[in-house]
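Dock chains B and C against the given chain A, drawing on the hints supplied.
These protein sequence lines are chains A, B and C, in that order. Heads up: the first sequence begins at 6 in my numbering, then just goes up one per residue. Heads up: the second sequence begins at 689 in my numbering, then just goes up one per residue. Heads up: the third sequence begins at 0 in my numbering, then just goes up one per residue.
Since the hints were made in silico from the structure, they are not lab data. It cannot be assumed that every hint is accurate.
Unchecked claim - Straight line, CA to CA, 25 Å or less: simulated DSS-like cross-link-like pairs of lysine-lysine:
hint	chain 1	residue 1	chain 2	residue 2
1	C	K186	A	K71
2	A	K478	B	K802
3	C	K177	C	K192
4	A	K478	B	K801
5	A	K460	A	K478
6	C	K192	C	K326
7	C	K192	A	K71
8	A	K71	C	K326
Unchecked claim - Partial chain A-side listing against chain B, Cβ under 10 Å, derived:
hint	residue
9	H378
10	T381
11	S464
12	D466
13	R470
What the hints assert, rightly or not - Restraint-style ranges between C-beta atoms, simulated for each label pair:
hint	chain 1	residue 1	chain 2	residue 2	range
14	C	A293	A	W411	44 to 50 Å
15	C	E311	A	S426	42 to 48 Å
16	A	Q200	B	S727	34 to 40 Å
17	B	S712	A	S459	32 to 38 Å
18	B	S712	A	G490	27 to 33 Å
19	A	F336	C	A293	40 to 46 Å
20	A	S459	B	N815	31 to 37 Å
Quick reminder that beta carbons are idealized off the backbone N, C-alpha and C, glycines included.
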Amino acid sequence: MPETGAKQNTAPIRTVRMRVDLWQVGSFLFAALAALPVLAIIWLALFPEENIWPHLISTSLPGYLKSTLILMLGVGVSVFLTGVSTAWLVTHYEFPLRREFEWLLLLPLAIPAYVIAYMYTDLLEFAGPVQQLLRSIFGWELARDYWFPNIRSMGGGILMMGLVLYPYVYMLARAAFLEQSPNQFEASRLLGHSQFKSFLKVSLPIARPAIVVGVALALMETLNDFGTIDFFAIQTLTAGLYDVWLGMGNLGGAAQIATTMLTFVVLLLSLEYFGRRRQRFYQSGQRFKAKTRMRLPGHHAWWLTLFCAVPVVAGFVIPVGLLVSLAIDYFDESWTPQFRLYAFNSLLLSSSAALIAILIALLISYTRRLNRHSRTMLVVSRVASLGYAVPGAVLAIGVIVPFAAWDNWVDSLARQWFGFSTGLLLSGTVFAVVFAYVVRFLAVSIGSIESSLSKVSDSMDMAARTLGYPAHKVLTRFHLPLIKGGILTAGMVVFVDSMKELPATLILRPFNFETLATYVYQFASDEMIGESALGALFIVLAGLVPVIFLSRTISRSNVVQTRRETL
Amino acid sequence: MSNLLEVRNITCQFEKTRVVEDVSFDLSEGTLACLLGPSGCGKTTILRAIAGFHPLISGEICLDGERISSPDYILKPELRQLGMVFQDHALFPHLSVFDNVAAGLQDFRGKAKKALVHSMLERVRLNGKESRFPHELSGGQQQRIALARALAPRPRLLLMDEPFSNLDVELRETLGVEVRDLLRDSGTTCLLVTHDQQDAFTFSDKVGVMNDGHIEQWDNAYTLYHEPVSRFVADFIGQGAFLKGRVREGDIVETELAMLHGKVPPGCKPGCPVKVLVRPDDVVHNDASAFSARIVSRNFRGSSYLYTLELDSGTQLLSMVHSHHDHALGEQLGIELELDHLVVFPDESARDEQISQTPHQA
Amino acid sequence: MKTVKLIAGLALATITVSTFAAEEVNVYSYRQPRLIEPMLDIFTEDTGIRVNVLYAKKGMLQRLKSEGANTPADLVFTVDIGRLADVKNADLTQAVSSDVLNANIPDSQRDDGGHWYGLTQRARIIVASKDRVNLDDILSYEDLASDKMKGRVCTRSGKHAYMIGLTAMMIAYHGEPKAEIWAAGLKANLARKPQGNDRAQVKAIKEGECDVAVINHYYMFNMLNDPKQVPWAESVNVIFPNQADRGTHMNISGMAMTKYAKNSENALKLMEYLASEKAQKMYSEVNGEYPVQAGVEWSDQLRMWGEFKRDEIDLTEIAANRGTAIKMMDRVAYDN
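If we strip away everything but chain A, and leave its shape as in the complex, we get:
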């Protein structure tokens, strides 16, 4: 676009008609790139080498579907109950340590589900300290002498995932409760409803869209998990996908299962989208004067403290404690120069992915803002978010196939025209790994950046434009400083998720290349949890950074609130 000096008084050349909009072209391009792996998978599913579907339907598919549904239902109920009840308590009651619990309740989010599964197995299995203690007390010897719940089971899986995923619901429900006008609740109390009934009849329905979003996010994570269900031998669709792909060597069949999972995710996404749309009507978007919180008489308040402590202790204190003690025990074996190199690799890949994801998300979100009423841009941003729906290993296949095809095409062209081979340009490089991370987690950064951009009023853009700033300068000079919080959150979440990412890394990485996640997996899959502890601890620590940041925003929102009250 021509940069006629903004304040030039001569008339600009009138022949300029509707030009190609570079913003939109860029957005289309990156969205198409991000959708490429998903399209590759769908293509593979449509043209399988051998049609395995009839066999699957008559044998294992019903089982996969059943366990997937049970797992999702269990996790859904568990995160709903834990998340909503704790959010309700910290917003409506006053009890000892309430302020601390507001952010402590977020901590379990930092722990990958597979790590908490390893830790609880270590704790609760036959040889673990709990059962040892029971045996020494009661004089039992063998597992068949007494009944003890098996942690490696469907119930265990639901419990583990519930413990690390409930913060999604807690976070959103708490925000929704805070944004509710106390008047509605008080009106209900005045109409003679009890505290609990008012909660059920008024507060809960109003917060429903936010809760739906939280549950949908938790369920997406559930669907994507491989580490936990593999370790606990739960036969979900993800497990089935690996069986069909690796056991039967049938990639097409695996892609077909992946498309089945995609429909689940599309359902969840529309649930989430629906939730967010409704949210606009329900939520005022502003925080009200802090309501007077209920106080329970005397020591009764401590019961609430205890109630909130349960998920924090079970979801964070115990597993991290175990992890730390194991990491100390095995420190000498684990803290090697290789370990530090792996940690560096993880940092490098994850931060590149975070940076690129932010840039693309900024491009797409800002283009959407520039074309506010364009349905096309809505579609573009949804298409760019598709990768989130695809489990890592499947995504890796979706990356390998088109990348190799491209590489081979370039190579054959080079041979034909220039007489030399370019070899593989993209396949088996860190670029392929970073690409997969970006595709997988772009949805997260787009979501975060879109929502923080939406909080900047449109008039800010118009003010800046009329003051003579072209669109790109409005973004860099005025938006970036205002949404840096959202950008930071987006970057950190992508960073941490990439740190944890395992299956795609395993498949796509170059020669002699390890990250912390592959290192942890290598040992854990050989039941050598001690050796993997230090790596897992590093991943958890990295995960804590954004969680602490989120907690700080949460407590700062209280500060703003109190400041507004004093004004």
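Just chains B and C, lined up with the frame of chain A:
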């Protein structure tokens, strides 16, 4: 004098709905004009179209004789040299007052820039606040900063979108006057958009009353009040009531209070039912009058009372009476009509029943 | 997007560097690097040829397929005959003929056309609780499905290559209908849902969850090397099944040269090296696996268990029955 801004037959739509349809108006240099209308009438869309943020379906917008918007061309907003002020002030929260005002002075450096900012701040009487941040200022101060920021680059045209709506009643009047005087002094041409007629009348030379994507009437305040061209304008502007009447030969309208003489709507044949606009100041208290009405409610306004009166027929009228005349509810008040301008509209609601009843009455 | 370019450039630089490095050979490995590193390190020391390893269990074959003629891989290392067969069937290997290889590796342990070569053998043994199992009750794989074992058996997932290999062997000997009865019987005898790897099964015996399990033999040595796991290994007796008839089922780990190997000379050197007495002996000592080369000295641990009768069935026959075996495991709902 040639027109600075010409808006010719523009139509805009959101997705599939037309929000502005075939709107035209001109602004000459130095005019303070206003688009007035209820929310959703399309006034803000027009403002955005003039600023270059909304495409046109048809028509064109010219500034200084140069076409800046047409269905296939939009001059970028940043090249239009317009100023804009918003309801939410839209100050840049991460910049100091100085930097906010200086935001549009990209071609100036150092001392020149500093001097310009200071003179702007002086004009909005906020000098000394340069290093403050927007959130440290009151709403009125923020809006004056926003004005200073918009005026600093000497825009060809200033656009204001509900600039006073976020302020409390007292402040909006004083600030309205202050801003008007400031704009007059600097000879700035300005188009304001508001739903508040008080804002509109304090501020503007010309007001366009908008309804449902159209401009119903483009006139000065006096004319809008006393000579509304449509029922909508009559309803929307000021207070008033309608008195049923019937057209008689010789441009006479017969009502239950008086025979009125004036222009009747074209196409209204004698005998056709009409409604006559009666403003509160048209109903005068006169104990000697042959007509009286019962006071059904009263509203103390300080210097005056606004009485709602009910005639024997059940028709209600408003009357503005000096507050020395304190009458109780239920009291009968002698009144007469003093209409300077006869404003008559065909009575759409009554037409059908009247047609069937006319033969009997005649 | 400058960053994208930068990263692409970086990536490009990495490849270029690795492509023009000195003598090297590139390996895709299903085996964990720490299990083969000692052999590779000595190879590099002796020959000056660098060995680059990419380790992945999942997706390796797909990567090889997609990369086609441009694959950087010269060699593929796998465990389990099934995976070797998969690579060959996908037309991704090339025939290698070498006097050294032919001399060192017996006929039964290599592909007829020279597309793959076995390196080590692993016995699929049965372990039984020292305290709770009468050794006469469990002498063969067939006994795993007998009524005496009701509710006493643990195995890993029925979809795992080792279990599929075992089932394919049963199909080869008994035919599909009888093998399915066996598989259903074994499923019915399971003490718990299949889970964990082979070590986890031994652990379950120690803990009394089950009495009998099927595992690969070298896991016993691995457990004896980890202080925490020693009690698990010590709680069981090792049984070499079917000594009275066809012998114990043996699977292999092996290697194949890729069809498009660029460093084929170096690759061949590495293959021959791994088949040499020196490397074969190391396999036996480091990993506790049985060398394929006859006459190579066994490790102390292997010697301690002594000679036993091995099933001599042609591995290609096992490979041919894998597809049937996988579907059979689905039909008997082994993992559910």
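**OP:** Kindly indicate which numbered hints from before are broken by the structure, ordering the numbers from low to high.
**Re:** 10, 18
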